[in-house]
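Peer 1: Numbering (this note's numbering), first residue to last: 1 to 323.
These aren't lab readings, by the way, just hints derived from the structure by calculation.
No residue lacks a Cβ here, since even glycine has one placed at the ideal position from N, Cα and C.
A portion of the hints provided could be inaccurate.
For each label pair, taking beta carbons as the anchor points, the in silico distance ranges come out as [unchecked claim]:
(1) N69 to D221: 40 to 48 angstroms
(2) K127 to T269: 28 to 36 angstroms
(3) K203 to K127: 20 to 28 angstroms
(4) Y190 to E319: 40 to 48 angstroms
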Amino acid sequence: MYERFAKKIHAIETVAVFMHINPDGDCVGSALAMYGFLKNLGKQVDVFMEEGHCYSDGLSFFPYLEVINASERKQYDLGIAVDCGSASRLGSGCYKRFMRCDQHFCIDHHQSGELFTLPEDTILEPKAASTTQILFKIFRETAPEAIDTAVATLLFAGLVTDSGALTFSSATPETYRVAASLCETGIDRYDIIRRLTKDTAKKVFMLSAKVLERTEFYADDRIGLIYFSEELFRLTGTAQKDTEGIINRVIDVIPVCLALSVVEATPGTFKIGIRSKNGVNSAAFAGLFGGGGHVAASGCRLYGTYEEVHDRLIAAAIEFLNR
C-alpha cells in the first residue's frame, strides 16, 4: 500500500521533515517519529518548524525535540510534510524550504485541505484518528525493525493527542489496534497519557479556570464560546500555545454541539478553534470562513475587532445549526 514511499526512502540520503505552524502533539509526534525512523535507517534527517511558532510545554518529554530547526543545511533529496493539510499551514519560510527539496511527499489525515504535492506523492487518510496512526502503518510496512521505543513513544503520543486518549469519535477499531501494537513495544503508556491529558501547569490551570468561567452559551445552549484575550494571557502569564485542549471542556457540556474558541493572536487577528459533536460537521463550519480540518475538530482565522468576530461567528453558527 505504501510502496512508493518506501521506494523513495530507500533511494535517497538526505531528508527534511516539516511541521505545520503552531504544531500540536500529533504534528510534533509525527515529525519526530519520522526523524527517528529515518535515522534508524541510516538517513541524514532534519526537522523544521516555521520560525516564530512553538509547541506546547506539555510536549517537553518528547524525544528528539532538540533537533527542531537545528540544521542550516539548504538542500535535501526529499522533503516530507506531516499532518499538514495545505501549503499555507507550513508557513512561508518552511514552504520555501520544502519546495527547494528535490522531491516531495505529504502524509496527512485532515478531511478538508488542499493538496500541495502530487497525488501519487500524497498519503491522505481522513478516517485516521491521527497522522501518527498512518505513520505506524507506513513504518511497519516499510521497515518494522526501525520502530524503536522512542519512535513508538512519539507515535503513541500523537495518537493520544488527536484521539482524546481514544475517546473521540475519530477513534476507530483500527486506532485501537494501532494503539495496542504500540503498547506492545514496551512504551510507558500510562506516563504518556498522564503527561498529555492530566498534567497541568498552575498558570495554565488558572487560564482555563478564568476563561471557562466566562463561557457564553447561545441557541438553547447548543453553542458555547470562550475568548482568550491578550489581557488574559498577560494576567495569567500564559501564551497562545497554552490554550490547547481547553475548548474540549466546552464541547463536553451536554447540550453543546458546536464549541468555539476565539484566541487573540495579534491585534485584529483571531485564531478560531472549533469542536463539534452529535453529527455537526466542524470542518464544514470552518469552511465558511476559509478554514478546515476534521468533522469533529477544525479551525480558521478571522480578522477585525473582537466584537465583529464574535458577532460573525455566532450569527453563522446559529444559521449553520438551523439548516
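Peer 1: Against this structure, judge whether each hint is valid.
Peer 2: Hint by hint, here is what the structure shows:
1. N69 to D221: 40 to 48 angstroms: holds, 44 angstroms
2. K127 to T269: 28 to 36 angstroms: holds, 32 angstroms
3. K203 to K127: 20 to 28 angstroms: Given about 37 angstroms between the Cβ atoms, the range is violated.
4. Y190 to E319: 40 to 48 angstroms: holds, 44 angstroms
When the structure is compared with the earlier hints, a violation turns up for hint 3 alone.
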